[in-house]
Amino acid sequence: MLSDLLHRLRNLFHRDAVERELDEEMRFHLEQQVDAYMREGLDRHQAVRRARLEFGGLEQIKDEHRDARGIGVIAHLGRDLRHGLRQFRRSPAFTALAVLCLGLAIGVNTSIFGVLNSVLFRPMPVQQPERLIVVSRNDTATFSYPTYRDFRDRNHTLVGLAASLPSESDLDIDGNSTFVAAEAVSGNYSRVIGVQTMLGRWFSSDTEPAAVISYAVWQRHFNLDPDVLGRTIRSESQSYSIAGVAPREFSGIFAPLRTDIWVPIGTRPTLVALQENRTARSFMLFGRLTDAATAAQASSELNAIEAQLATAGTSPSEAVAPIVADEVRGIANVANRRRAQVAATFLTVVVGLVLLIACVNVGNLLLVRGAVRQREFALRRALGASRHRVLQQLLAESLLLAIGGGICGLVLARWTNALLERSLPLVQGIFPQQLKFDLDWRVITFTAVVSLLTTVLCGLLPAWRASRTDGLVAFKGEILVGTPRRRPLGLIAQVVMSFVLLLVAGTFVQTLVRMQTADPGFAVNGRLYAYSFISTPGIASAATRQIYSRALDELKALPGIRNATLSYSLPLMPTGSDCVARTSGPRIPTTTGSVDPEYFQTMKIDVVAGRTFTASDTPGNGAVVIVNERLANGLWPNGSPIGQRVMIGCHDATAATVIGIARNSSIRSLGETPQPHLYFPFAQHFSGGLTAILVETSTPPGSLVEPVRRTLLALGQGVRVYTVQPLSEYVDQSYSAIRWQTSVLTTFGLLALVLAAIGLYGVITYRVALRTREIGVRMALGASRRNVFREVVGQGLSIALIGVAIGEVLTIMVGRLLGALDPDIQPPGIIVLTVTGLIWIVVSILATYVPAARASGVNPLIALRYE
Amino acid sequence: MSDEQIDLPQGTLDLLILKTLALEPRHGWAISERLHQISSATLRIRQGSLYPALHRLERRGWIKASWGTSDNNRRAKYYGLTKKGRTRLQTEISAWRKLTTAVAQVIESV
Numbered sequence: 014m015l016s017d018l019l020h021r022l023r024n025l026f027h028r029d030a031v032e033r034e035l036d037e038e039m040r041f042h043l044e045q046q047v048d049a050y051m052r053e054g055l056d057r058h059q060a061v062r063r064a065r066l067e068f069g070g071l072e073q074i075k076d077e078h079r080d081a082r083g084i085g086v087i088a089h090l091g092r093d094l095r096h097g098l099r100q101f102r103r104s105p106a107f108t109a110l111a112v113l114c115l116g117l118a119i120g121v122n123t124s125i126f127g128v129l130n131s132v133l134f135r136p137m138p139v140q141q142p143e144r145l146i147v148v149s150r151n152d153t154a155t156f157s158y159p160t161y162r163d164f165r166d167r168n169h170t171l172v173g174l175a176a177s178l179p180s181e182s183d184l185d186i187d188g189n190s191t192f193v194a195a196e197a198v199s200g201n202y203s204r205v206i207g208v209q210t211m212l213g214r215w216f217s218s219d220t221e222p223a224a225v226i227s228y229a230v231w232q233r234h235f236n237l238d239p240d241v242l243g244r245t246i247r248s249e250s251q252s253y254s255i256a257g258v259a260p261r262e263f264s265g266i267f268a269p270l271r272t273d274i275w276v277p278i279g280t281r282p283t284l285v286a287l288q289e290n291r292t293a294r295s296f297m298l299f300g301r302l303t304d305a306a307t308a309a310q311a312s313s314e315l316n317a318i319e320a321q322l323a324t325a326g327t328s329p330s331e332a333v334a335p336i337v338a339d340e341v342r343g344i345a346n347v348a349n350r351r352r353a354q355v356a357a358t359f360l361t362v363v364v365g366l367v368l369l370i371a372c373v374n375v376g377n378l379l380l381v382r383g384a385v386r387q388r389e390f391a392l393r394r395a396l397g398a399s400r401h402r403v404l405q406q407l408l409a410e411s412l413l414l415a416i417g418g419g420i421c422g423l424v425l426a427r428w429t430n431a432l433l434e435r436s437l438p439l440v441q442g443i444f445p446q447q448l449k450f451d452l453d454w455r456v457i458t459f460t461a462v463v464s465l466l467t468t469v470l471c472g473l474l475p476a477w478r479a480s481r482t483d484g485l486v487a488f489k490g491e492i493l494v495g496t497p498r499r500r501p502l503g504l505i506a507q508v509v510m511s512f513v514l515l516l517v518a519g520t521f522v523q524t525l526v527r528m529q530t531a532d533p534g535f536a537v538n539g540r541l542y543a544y545s546f547i548s549t550p551g552i553a554s555a556a557t558r559q560i561y562s563r564a565l566d567e568l569k570a571l572p573g574i575r576n577a578t579l580s581y582s583l584p585l586m587p588t589g590s591d592c593v594a595r596t597s598g599p600r601i602p603t604t605t606g607s608v609d610p611e612y613f614q615t616m617k618i619d620v621v622a623g624r625t626f627t628a629s630d631t632p633g634n635g636a637v638v639i640v641n642e643r644l645a646n647g648l649w650p651n652g653s654p655i656g657q658r659v660m661i662g663c664h665d666a667t668a669a670t671v672i673g674i675a676r677n678s679s680i681r682s683l684g685e686t687p688q689p690h691l692y693f694p695f696a697q698h699f700s701g702g703l704t705a706i707l708v709e710t711s712t713p714p715g716s717l718v719e720p721v722r723r724t725l726l727a728l729g730q731g732v733r734v735y736t737v738q739p740l741s742e743y744v745d746q747s748y749s750a751i752r753w754q755t756s757v758l759t760t761f762g763l764l765a766l767v768l769a770a771i772g773l774y775g776v777i778t779y780r781v782a783l784r785t786r787e788i789g790v791r792m793a794l795g796a797s798r799r800n801v802f803r804e805v806v807g808q809g810l811s812i813a814l815i816g817v818a819i820g821e822v823l824t825i826m827v828g829r830l831l832g833a834l835d836p837d838i839q840p841p842g843i844i845v846l847t848v849t850g851l852i853w854i855v856v857s858i859l860a861t862y863v864p865a866a867r868a869s870g871v872n873p874l875i876a877l878r879y880e
Numbered sequence: 370m371s372d373e374q375i376d377l378p379q380g381t382l383d384l385l386i387l388k389t390l391a392l393e394p395r396h397g398w399a400i401s402e403r404l405h406q407i408s409s410a411t412l413r414i415r416q417g418s419l420y421p422a423l424h425r426l427e428r429r430g431w432i433k434a435s436w437g438t439s440d441n442n443r444r445a446k447y448y449g450l451t452k453k454g455r456t457r458l459q460t461e462i463s464a465w466r467k468l469t470t471a472v473a474q475v476i477e478s479v
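Heads up: the sequence lines are chains A and B, in that order.
Everything in the first sequence is counted per the working numbering, starting at 14 for the first residue and increasing by one.
Everything in the second sequence is counted per the working numbering, starting at 370 for the first residue and increasing by one.
The following block holds chain B by itself, in its conformation from the complex (with noise of 0.2 angstroms):
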């Protein structure tokens, strides 16, 4: 656990899930650890936030679950992105992009 780990600003988990199930579905496991990996050790999400979020965008319909077998040959529930969930990454990046530019400009105004 690396002192550099910060805390996510209020809903940005949900666009980093949507983000690392872009590609293909993953475990509960996997999709911490992807974060974990890509973030460079910055970001680790606690189970305790990472499954009620699942739970939270499976609800909402962006996400889809379903049973199947790990690399070890243990049964996973894999999420994958749903067509609407896919869209709303593309909301939320740019919606992130906006904010994340707007707040560049501020800092470096002053």
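The following block holds chain A by itself, in its conformation from the complex (with noise of 0.2 angstroms):
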């Protein structure tokens, strides 16, 4: 295969160098068979003749050669690329729209696959990063600091074995505090991961308090000023020194989300205080391997230190999934990175069907065009092409058209993957994160395949059936067309696919609407929220209390102001997830959040049965519960839980008294169907870290942004305020992400909406082309304008409901498979179902409505002057 290769090429570049081989070659054939005939005694004069005569052509045999060296396809290309450029020169409107659709096409199949790389392939801008795993665990990426420790000091597949815990954390310079993504690593993080810095160095034990900054904070926050090393930031109530800065293009381990800050483990204290706990499952693992092993060795023994331990009786020995090492590509957390998976397949999907419209469409233009050009091909044949070569030269043309494609979609693939990074909502909630989509040569290698394939797609058949054209046929003064299939099965699947996405981006919309208009099961209306953080070094979490107790009293005390309450979590953004269950009985998993008493009363979710929290479900007395409807029904399908004990945890349970029943509320997302929740009173269950201030207003929340921040900064004692908005603006941002995904979808349902309805233009107005001759004679013979106008219009329509209810049937699938990848769509509606398929008719009416009034506008004198 190579050397076929090598040789074919040589022949290609040193075609002048070959070429003088062959002549000598012939030469030296022809005057040994000269030599030959003298020596049977032929004078010269009539041996060369002879020679000659046998040899045959040398021109010929030469080109016979050609061919058997395997130029002949290649050199015949460059002739056909060129002769494809003049035809195409010819006909700018054909090749523009040619172009356009496909260029359009390819954009977004780009563009998608640029998110698809940088969620999925991309592999870490580190050292040999092919080395680089991350460990996991039946798609939790996230192991207790015991664990982390046996599995680095035992193992031996591995160089090192790093610690990481990302969070939201606080980043405080020179008193100004910003929200950031920090992460918290072990001491050989650079080493294993294999990132240097750009500045400074990296920290290298797991309590110097020493932090590196991303090239980003050190852009943002500090000019870029070389003489950041040394200086003092604080965070998480802690002081610490920048060691360095990391490299541009490294934006940290969790790309395509970016990293702010790195500090070492044993610096935060609310993690020192996990490194014992077995059950605080907290840490990401990132290993490197040894030269010598592969992810499955270092698998495999992770697996049996674990066995080893679970003997030993250190370690947890219930029966769970087995440990796995993978490559770290794309998105390093493996459950987040299957979630992405499916989403970035969808979506794949998606434009996929809209390049397949695309190269319907030019297809179906080539076809019409390969038509028109019968006689030329005829000409072709007549004068000793074969039918291979006109093949060849038709799927050059559509080369052509497909590298202009492709080079027309890379640079629209720019323009919207600025478009997806800007308009991409904020990802997991309170603070904006940045994607980013890079263009790297996986993407661009991408087009270049997908232009390719495209040729073949759109090429093939129109190439292959005008190349049938015959010679003699085509002369006989009439360009002879087959008659065009009734049904053309090319533009029913058009119709089929955009209505396919047509529906798909309805049930967005339709989702999105039931979102909107869902009662979410708390108040929204004259609600205000601040996230606060209490940022001094070593207050004990009794001290905190008290802060939040005069902040809340400062809160009630201003005008406008009618209540004010403390929550761990804002409502659709669980914090806590675990597990409940009766004292015997299965676990049920939940979602926790941590309230204050007065929280059900602010947010008017009534607790229907027992009672509310009070100030004196304080840590001293019994550990309390309240759970809603649904949990309440899970647990006790026939009888009160008020009272009754409930076991808390998915590992190691703790006991805790059920007193109150709340209703339902919305607790992941807007409009879903009840999930189990449960709430702990904020005083047992406050850990530190961010808090969520909830206000009632008496007057519109938005006046009050600035008064609520200005009261809890004047608290001082290291109060720090984030966000302070409306509530309703932030359960707006909360299905951003849902109107995101529908206006992609639209996007892509509209334009495969525009191609399909070009394709349908196209063919009919080339269909009543074919026809003029007969639709004259038939109004010769009497058809009225209105009759013929009304057949056109029909063919097209007909092209369209046949499509449609293909579509329709199609729905139940589409309906399934949207609800397997996320819970929150439902299959789409009636309305749904109403509106698209009548947008398409509507279309299809529209796309006919031009080739239908030329029909109808024949003159049939002009139309039999043909004859």
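Honestly, I wouldn't trust all of these hints.
Said to hold, decoys possible - Covered stretches of chain B, going by a simulated chain A footprint (3 or more residues, C-beta under 8 angstroms): (1) 385-395; (2) 466-473.
Unchecked claim - Counterexamples of contact, computed for chain B against chain A with all Cβ distances above 10 angstroms: (3) A410; (4) G449; (5) S478.
Claimed, not checked - Derived DEER-like restraints, expressed as beta-carbon distance ranges: (6) L90/A x K452/B: 40 to 48 angstroms; (7) W428/A x G449/B: 54 to 62 angstroms; (8) I420/A x W465/B: 48 to 56 angstroms.
Hints were generated in silico from the structure; no laboratory data involved.
Here the structure is a predicted model, which is why all the values come from computation and not from measurement.
Note that CB positions come from ideal geometry on N, CA and C, so glycine has one too.
Now that you have both chains on their own, put them together as the hints suggest.
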């Protein structure tokens, strides 16, 4: 294979040398033959003559050689491409339309592949990224610190194993506090990950009070000041000295999400507290394979270590899924990666359909052109071109179109990528995360491959058909075109595909509308929230409680504020998840939240049975919880849970008493079916960190944003205030993801609609042109303009109707697929089905209007004069 | 040119060329002369088929070309068998034997 290719390449690139050698070889042969004949007794003149005759045409032989040498196809390709370029220059409208169709489709494909690339394929920009692994089990990528220590100290397949805990955190520079993405990491992080600094150094111990900042932070907050090293910053109540700046291309192991600062695990008291806790599985583990080891070997070794520990009794010996070590590519967190994979695959299918539609379109256009150019092909065949050559020439022309489309697509993708990055919703809530989708070599290769594929997809059938042109028949004065099929499959397929895409978009619109109109189950209007954080070093949680109590009192004293309360998290963003069970019985997974007594009243979530929390539910008194109706039903389908004991925890359970039932409210997303949820009293369940203050106002909440912020800041004592915002705005942002998906899918759906409509228009126009004479005859025989008009529109409409009918049947499948993708999405309802169907019917009438008008305007006299 | 010359069946030319090269590298003319000789003047290869065939074989990596000097001190292109070509020759020979045996059996049976 390779030698063949090299040989061909040599032949191609050293054509002159090769031709010279060939010449010399032929001459040698001829002269040998002449010598031989002269030895037989012929004189030189006769010998030369005879040898020449026998030898045959020198040029002809050389030509046969060229084919045998395998440069025929490539040499012809150049000629065909030049010929194709001339052809296209002669029909710029056709060319522009075809290139634009392909360009749009290739562009969106490139763009979506760019996303796919950055979430699934791209290796980290570190040394030897292929040796970097992430450890996971059953799609969870987090482990306890003791497990980390065991793995780190006992393995032989890894150069090193690093622990990492990403978190939303604060960065305090000279008293100005901002939200950042922090990563608390073990001291061996830089060695294991294989990342250097562009300035300074990485910290190398678990406890050194030093931090590394990202290039983005260096730029944003320090203006790229080279004297930044050694400056003091604060984060989560700790002081750090800046040890280094990470390289520009390294935005953290969690790319495409960015990380802003890295600090050693041992500098965070909350994390030090976890270091002996086997049940707190909080740390992600990254390892670097030794040169001899593979990821599979590392996996089995880690499993073996765990098995040893289980027999030794140091690790819980429940039956658990095996541990897997995977190469880090795209999103490092395996669970997130899987989720992203589903979404990205879905988007890929969607844009793949758009590409198919565009291909069918261009294929149709090429068919039409092929029919018109039949006389040209007939001439070429008559002049001795083989069918193969004609086919090759036409494929070369579609290759040109695809190259044009590919270049157009790349330009477009740069632009759509920027659009995607900008329009992406705030990822995971409270602070805007910048995503980056680059056009790297993978993406460009992808575009090239897609373009080539397009050539074959849209060019092969028309080329094959055109190459069938019979040299003789086409000369008989008229263009022969096979009677076009009554119901062209290509067109119907296009309608089906674009209809399905519209339907998908419609389903998302339907979901969005449902979310916007759904009753969240908690009060939204007239509510305000503030995220705050107390950043005083070494403050005890009792002191924190006191500061917050004062904060609430001062807020309540403000004019326009009715009530204020604390919650560890906002609705629609549960921060805790756990398992809950009766003292005997199955565990039910549930989300959890810690709230102050007045939360239920402030948020208008009624406690329908039992009591709410009170000020006496403190750590000293017995642990109590409130369950929502859904959880109450799940645990005690037939009885009252009030006063019952529950066990909370997925591994090591602790007991608590149920004291009340709260009404169901939206937990994760609006419009969801009720989800189980468990409330802890804030006083018993507060581990520090970011806290939401919820405020009920009697005046429009927007006007209170500044007073609330000022009041909180005036408390001093290290109180930091982040977002302060009316709750309605927050709720609005909570479905920004689905809104984004909806707008992306609607864009693709409309793009597909336009492409398919262009296809319909093109084909119908072409058919009308073919049938001009027939229409003329019919009109001469008494058909009215109206009849003709109706018939042409009817043609388009029948294609659309068949397509829509097939599409509607596929709906069930599409609905199920979407449901699997995102539980929030419900199958398309009757309104969506009707509206999408109607859109297609209207579009098909519009697309056929122009050709129909042209057909009905045929002048029978002129049309018949051709005869 | 004798009347007894026959057309070669499709695909046998490759076999013949490989066989003539089994002993030593030869140039094109020598190949055609050698074939003519050892087939008792029954086979004469047209130059128009010989050279394309040589280039085809070279492309497949069965023979390798190099420039050398001929007996009469002229520069000539010599073709020699490669390792791959040698294996190929064995396969082709055994395939040919099978074919001829089978054909002979059929002919004699009727």
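*Of the hints given before, which are not true for this structure?*
Numbers 1, 2, 6 - these are the hints that the structure violates, sorted from lowest upward.
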